[in-house]
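Assembly of the complex is requested from the two constituent chains, each provided in isolation within its own frame, with the hints serving as guidance.
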Amino acid sequence: MMKTRTGLMLIAPLALVLAGFFLVPVLMLLPTSFGEYLPGSGMTPGVWTLENYTRIVTDDYYLEVIWRTLGLGLFVTLACLVLGYPLAYLIARGPQSWRVPLILLVVFPMMLNLVVRSFGWIALLTNRGLVNNLLIDLGLISTPLKLMFNLTGLMIGLTHIYLPFMVLMLVAAIQNVPRDVESAAATLGSSRIHVFTSVTLPLSAPGILAGSILVFVLTISALVTPRMLGGPTYKVMATVIYDEYMQLLDWPSGSALSFTLTFMAIAVIWLSSRLTKRWAGMA
Amino acid sequence: MRHMLRFATATAILCAGLSASALAEELVVGAFGGSFADNVKACHVAAFEKATGATVSLKLGNSSQFAAAIRATAGKPDMDVVFIDNSLAAQTQGEKLNEKLDRSKLSHAGDVIPTAWGRDDSYVVAMVSATALVYNPKLVKTPPTSWLDLSDPQYAGKYAIGDISGTSGLQYFLALNKAKGGTLENVDPGIEAIKPIAKGSAVLYTQADQLLALFERGEIVIAPWYPDRAGVAIDKGLSLAVAYPKEGAVGILPAVMIPKGTTKSDLAHKFVDQVLSAQGQGCFSERAYIGAVNSKVQLSDKLKAIVPNGESLDKAWFIDPDVIAKNVPTWTRRWQREVAR
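Residue numbers (the working numbering), protein chains in the order written: chain A, 1 to 283; chain B, 1 to 341.
In short, the hints are calculated from the structure, not lab data.
Even for Gly, the Cβ is constructed at its ideal location relative to N, Cα and C.
Be aware that a few hints might be false.
As the list claims (entries may be wrong) - Here are the computed lysine-lysine pairs in the DSS-like style, where the Cα-Cα straight-line distance is at most 30 Å:
1. LYS236(B) x LYS96(B)
2. LYS264(B) x LYS146(A)
3. LYS246(B) x LYS100(B)
4. LYS195(B) x LYS146(A)
5. LYS141(B) x LYS178(B)
6. LYS146(A) x LYS138(B)
7. LYS304(B) x LYS178(B)
8. LYS246(B) x LYS302(B)
Stated by the list, open to error - Every beta carbon over 12 Å from chain B, so not counted as near; a handful from chain A, in silico:
9. VAL47
10. LEU104
11. PRO109
12. LEU112
Isolated chain B, as found in the complex (with noise of 0.2 Å):
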């Protein structure tokens, strides 16, 4: 009797669990990971998961992944809803494989500045960031004001730029190119110009979080990097700060789109108007140093010395998503023939 008794409660406990999880919808959402992950569950899943009653699963990569997945899987998405940089976001577009966003589900789409919508609304970006300079002002008196400063003699081999696979490299070389004269069309400039640069940097990174240690050990005093990073490991209690050079940051625009033919078209829709909230964004901004696209926003004191806003924000070079697109392949191909070779 003791025997079945406990065979009952065991089988109700299991069905219970069951009927709960098959009640309860999952939502896969395509996140960065590390602190990127930690924030959208602190600030997103939670919330989300509270209103609708829908559990959200994260999956974990980097935005050329996440095309990488998108693509391979055209119409019959493994995630609902995905984190992908806005250029990234503009190649899938161009394979069509982003679901329009429908601003009339999306109930905080009208305090989105107007700015962040992709093309056809295909997608939206969710946070602003930037490619900016770095340095330690424990050993940098005066602070760098130009993204030319790294050639100065002062900082030789002491400082790391990032390789061309990773947004701050790219954005860099762009920069560079900018200053020397180049355009999109014609990136000679910027090639000759990195050369050398490249050559004497301690590494050219590839992982953001490269440079953590590196900073730490003294090894390098200057990078260009995104203040995000920078204030999260200011936090940690790291000797850093963030300059704005004169010629203007490069701007990141994270995004959040749909793929094409998910299931649950109306709980991802929810789930980026959760992302789009004042109340989501205002989360986000503090806790990873980033600026929102929701105009209710407001940032703190300790924030507006990191982020870029007012001046930094209207200097900032916002770089047409679509061009990055089309032209990343030849410039790589370029890259590792001409400078990382």
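The following block holds chain A by itself, in its conformation from the complex (with noise of 0.2 Å):
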């Protein structure tokens, strides 16, 4: 086993960066949340209050965001798990002259700029986008279909974004699954289908859920995105946080938002991984 000591001079170097210049930062934030804005004046100095936390839960429109940011946040892992499993388990256990080609295409995406790729989806999913143009000249359909500004241009944008995060994570785990439980399994009399699900798939449950929080956590702070295709009308947590910052200027309650924000991701990180560990066996 590793000292203590030695442990902890290895996390010492990115523990100081995080502290330096994430934490005290955040922290630095904590108290302007509970200040009071009032436009025209800017924040009022030594006057302290909740209100920025309690319009949150109060009004309905930031119930409203909060609900959608986190449903999204669900779809959009849920897209990832179901689209990238299945190529994951490829390129894990298919034929090794395939799998440099299709990992350098999973991560080919990504060395896109994000602005790029947002845009690329909205000259595809516009009113008079490529989509749209195609399915109303194949006679399909007579008027445009909405797929932007709403949960369908969200979900496609984010999904497109966030899989080859998923597809990494799952590679790795459904690697480290070793190939002869599944032998034994199989010895015993089990079905392919009854290995892949009682083995291969608890097995590989790090994976699933490491996969899972980092798509989760990355949808619901996503902030390019949701503002190309979102757009006013369909906000998440993200862009309102941004409006209040950098529009209204009202930074008490960007702040309290960002917490709450923060605050649910932690929330939603700590109950998966607890119900992943049960369901896995692990804990």
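Shown next, in the form of structure tokens:
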């Protein structure tokens, strides 16, 4: 076993960077979130209030945005999992010669800037975009489908952008499942489907969990894609926070929303890791 | 020997370069992006650098980003002069972040129209534009005359309005509110009137130039938009014309300010002076299709068809920037909840 001191030394550089450039600035925002903002004259010094937080739970607009954000996170995670698992399985267990080209294909979109990729989706999904024009020309629809500024647009855009993270996590996890265990199950008379559902899938749970947490957290905190594909009518937490900070200049309200988002993310991660551990028999 | 010579030459060039950049003071100017920045460079930066020997570096952004930056760096600004919408200049003035402009340091101060000066000289309006109606004259035979025309069935699905986060969106909303009998204290009539209009809008645009593609493809034929953007687009060959509604356009007054705490106050004043000069103002007007605040500037006929002037300027509604600054968050929240939801 590694000594505690060696362990501490190993994480020290990253821990210091995180503490100095992430934790401290975030904590500095905490007092702001209890401040009072008066439009026209700014933050009132010395006045503290809980209103920024109470407004979040009492205002049905904020609640709608919160539920929408969580729902979006959940749907995108599920979509990435369903689309990513077969692909990851193929990469991990398929022919050796396919592995590198497939991984390259998965990673390739990440070499393109996020704004460019989101813009690409706009070109495809707008009312007069490629998809709608094609469907109209084929005579399948007469009026353009609403593919942007709603859940559909964000689902498509975000799933596309975060799928690689899920796949790469799953590949590593599936590769770690010992083939011997699967063979043993097969020898004892399990069908291939049964081997998969009762051996391979639970044993790759750590990868599923890690990939899901990563995709979920990235989705609920994504700003650029929701701004471009959600527009002014379909807002999520990140875009509302941006508006409060940059357009309304109401920093206290924006800070309170930021902390709410952070706590929601932590709660969801904690809950899902407990559930997964129970399912995979690790607890 | 040859090596040494080469080395010496290289060192000399490097030293000369370093000392030149150390001697020339650098002024950081916050300006809006796109053609605005190009015009600032052509009309103000070039003349300023020539006259003072200082260099200018432009920092690009929009008004609310600049206001956020000025607040975040309070007292130690990373910009020396900032172009900013007058309502946001009023906001930073409310937070005591503006340096009072010293008119004695501005040789062109006397030529500037008196209404251009902000409260306590905390900023000065640098140009005059407006939100008006822009339409495609090839597809719209009779020019629109009123803000209410957007509800006309002939434009159904063929118009776009801006989101409240942009100036034209906010101003169209307030103009509609006024036309429907509302006031700045009570915007209920405006909210009710704009709900169906926002719903029928081809898009709630958030970037001014989003409309270019929509006009070009014929997806829209009319929109509340900026005459200056329309003027530039017409020059590029787009079929557009500007109509000033009979209720009056809504004035837009981009201003310049000096953030409090700059170490280059004198140089910053010289830049503001350049911005206010008749030469700088005239150049900017011609290039940007925008009205001037220097009374010595004469607009050409080409500009008069587009820029608010004469009757269209007299009828324009200039909303008190302090009232805007105080109410924008409330109006925006109502818009998010009741109009864009």
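| said: Please list, smallest to largest, the hint numbers that this structure does not respect. | reply: When the structure is compared with the hints, numbers 1, 2 and 3 turn out to be violated.
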